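> Heads up: the sequence lines are chains A and B, in that order. Counting along the first sequence from 1, when you hit position 67 you're at 67 in the numbering used here, and nothing is skipped either side. Counting along the second sequence from 1, when you hit position 295 you're at 295 in the numbering used here, and nothing is skipped either side.
Derived from the structure by calculation, the hints contain no laboratory data. Every value quoted in this text rests on a predicted model; they were computed, and no experiment measured them. There's no promise every hint is true.
[To be verified] Chain B is nowhere near these chain A residues, computed Cβ spacing over 12 Å in every case:
#, residue
1, Lys91
2, Ser93
3, Thr164
4, Arg203
5, Val235
6, Ile237
7, Asp241
8, Gly274
9, Lys277
10, Lys309
[Stated by the list, open to error] With a cut-off of at most 27 Å between alpha-carbon atoms, the simulated DSS-like pairs for lysine-lysine come out as follows:
#, chain 1, residue 1, chain 2, residue 2
11, A, Lys275, A, Lys302
12, A, Lys49, A, Lys39
13, A, Lys290, A, Lys302
14, A, Lys206, B, Lys462
15, A, Lys272, A, Lys302
16, A, Lys309, A, Lys275
17, B, Lys462, A, Lys155
18, A, Lys309, A, Lys272
19, A, Lys115, B, Lys462
20, A, Lys277, A, Lys49
21, A, Lys309, A, Lys277
22, B, Lys462, A, Lys91
Backbone N, C-alpha and C define an ideal beta-carbon position, used for all residues, glycine too.
Spelled out, the chains give:
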Amino acid sequence: MQNAFSRSMVLLGFSLCLLVRAQGAPQSGGDFANNPQAKKLPTGVILVKGAWSSASDSVTPLPEGGRVADDVYNNQYFGLTYALPAGWIEKYSGPPPSDSGYYVLAQIRPADTFKGPGRGSILIAAQDLFFTVTPAGNALELINYTNDNLNADYKVEQPPTPVTIARHSFVRFDYFSPIADLHWHVLVTQIRCHMVQFVFTSRDTKLIESLIQGMNTIDLPADASPILGTGGGDVPICIKDYARDENVIEREEPVFAERTFNPVPVRIVVDKEGKVKHIHFLSAFPAQAKSITDALLRWRFKPYLRGGKPVEVETGIMFGRLPRLMTPQSTDAVNE
Amino acid sequence: MRTIKLASVVACLALLFFPGVAFAQSDPGVQGGPARAGLPLASVNANDGSSQFFQNGLARFQDIESVSNSPTGNNGLGPRFNSNQCSSCHSQPAVGGTGPAMNPQFAFAGSSVAPNDTTPSFITVNGPTREARFPFFFDQFGNPNPNARNGGVEDLFTVSGRADASGCSLPQPSFALAQQTNNIIFRIPTPVFGAGLIENLDDSTLLQNQAANANNNFGISGTFNHNGNDGTISRFGWKAQNKSLELFAGEAYNVEMGISNEIFTQDRPLPGEDQLGRGLPASCLNLGGSGYPEDTTNFTAKTGSDQFATNASIPSDTVMFAMFMRLLAPPTPSATTPGSAASIANGRRLFSAIGCATCHNPTVGNTQASNFTTSLSSAPVNAFSDIEIHHMGVGLADNVSQGGAGGDQFRTAPLWGLSQRIFLLHDGRTTNLLSVIQAHQSSGSEATQVEENFDLLSPSQKQDILNFLRSL
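All chains, please: the whole structure from these sequences, using the hints.
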């Protein structure tokens, strides 16, 4: 009896082993796996990012961090609030920042259900003055450059002209494509070493004028302006190329495990003691961001003094490749 | 007479009740007539040997490869491959082009080419010729693992069961599982007409063009992919991942046809076979019996009466594929069809005005001096590409990273030769140009604003752009 019981237990154990083995992992994984219940990957998601934007903390506002919510575009970094025209939406978000410092902040268009007159689009974008490949030291020079280099197929309707909207200073530049029968009206101002621009596109100039009229409720820093615009308030002073040798007391170059040759533009905020307190990678692979962060946290800058008191400074540093050598018409941007 | 009257009435009624349909724009489709590409560059001639090299490369491009025992010595195929002949996939509208209307891959499985294999469901008789990639590795349970990037080519076919590949038995990758789990993407062959011109652009020309197109008010700001060895701008392939035509040829010979060569010197296992820590089985190595690499310089080329022809027979296939591509002339556009000369000219200007030409530059600049042939020197490169890589958004992202290009970045596809291309976009998902234009718009795409501009045009203006594109 005991023998029969023992035999039964052995057989049961053997059967369980076989069962476990049968239900275990397939012998061939990798490219040859087979599982009818396998998990699906999501569609419409960028799972493999190349060089992308990132930051050393999730609290400090970033230029690309603006969002449309409740029909209002709000961007904390630029201190910008813009109420969308009624019935207009952001259907598609923009790409990540480029390695030449260009940001698509928002792309606004009528909703598919929009019944109002005329069609068009509003592009809200920013070009920083740290990494631009255009020879310009401020927003006015950037828009003048656009005007000077406009393709011959376009006709200028209004050359860059100072205007005031909602008590804020802009430069307005209008041009037209006769062949496409499309108008572009561009409003630019400068905030924290960035040219912030609103590009209105439509066949209907009345629509564009009404959209520009609708900017009367826009909220911007009081000190925004096309030449010496700043963020105002208590945001850091921005200085292009502040990381020059004469301002850096201690410098440690990052060590890259692998060279990938992509430009790595980095925007940093230096605190009053000269330490790097915030790092924003416009475009970097994760390993590059880590190496550069490790190095930058060891850098020490001369504190920047305003009125004899140290203040925070925001600047840009290009890693990976040398920055393009552009000669702006003005001196380097310093926005106090 | 009565028939004409009736037709007029029907036409009037159609215009009255279906005006949108009557004037809606449409893709003129693939242009018929003789191939507008496939000839050598104008300066290629028999007096300096360039013609002999072109012809030799052209012939090798059409060779059908065997595993072993080829009567013409074309051995080395496999053990895994997507096709057995360069020109089977690069044939539309002429040798050197892209995939033809009838997919040659559809006939491989079950035939003497791949006797033991089955045809993946995404390979159809009238569909695009394709390669497949799995963006991620599967784990041991068959789930795609988003933390384990793959992205390498999963060859569709094996030499298992072939008479000239005895002893080698390999499974095909799990294409059905990959489709079931969304872990598969496709690429179609890029045409190589005019490739020598693109190869001979100096980096400075590309950088100047990039700067000239900055600050464009269209939301566009691209970058370049770079060669990992010397840091210069790479330019061939859907993500501009390859630096030179020789590298491009060597990689394709190895990856698409399984033939090791002087640049890629080993037979290539699938990424998963390496992941499993075993590579290819010994029974599938050196199937040609001549050792490695399978494609080499021909030390024993026989001297003939034509010294140049003899010279052309000495280099390896890889070198001669590259030479063939380098000496291939760019496609010739039509000034009058489809539509009319006026429509095409209008379409060209509209294409530029709404911002398409910011990336699809009509000419990125001129080539540098060439040491090969004069047609490659100081020549405009009318490829309609800036050779930059751009973020194309979630709608086109394939989650494959190559060099510096991420999963959503693609090289601006050159548009020359578009008149006779059948399958469009990187994966051949459509044959309709309007669908292609619409696909440029999605979250994360640099081209969204330009597509918006296209949508603002009238139907006749859109038609002009489509006519222009199908004239190239």
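> Hints first: check each against the structure and report whether it holds.
Going through the hints against the structure:
| no. | hint | verdict |
| --- | --- | --- |
| 1 | Lys91 | 8 Å, violated |
| 2 | Ser93 | 5 Å, violated |
| 3 | Thr164 | 22 Å, holds |
| 4 | Arg203 | 6 Å, violated |
| 5 | Val235 | 24 Å, holds |
| 6 | Ile237 | 25 Å, holds |
| 7 | Asp241 | 19 Å, holds |
| 8 | Gly274 | 32 Å, holds |
| 9 | Lys277 | 28 Å, holds |
| 10 | Lys309 | 37 Å, holds |
| 11 | Lys275/A with Lys302/A | 9 Å, holds |
| 12 | Lys49/A with Lys39/A | 21 Å, holds |
| 13 | Lys290/A with Lys302/A | 24 Å, holds |
| 14 | Lys206/A with Lys462/B | 23 Å, holds |
| 15 | Lys272/A with Lys302/A | 9 Å, holds |
| 16 | Lys309/A with Lys275/A | 16 Å, holds |
| 17 | Lys462/B with Lys155/A | 21 Å, holds |
| 18 | Lys309/A with Lys272/A | 9 Å, holds |
| 19 | Lys115/A with Lys462/B | 23 Å, holds |
| 20 | Lys277/A with Lys49/A | 26 Å, holds |
| 21 | Lys309/A with Lys277/A | 18 Å, holds |
| 22 | Lys462/B with Lys91/A | 22 Å, holds |
The structure fails to meet hints 1, 2 and 4 from the earlier list, while all remaining hints are met.
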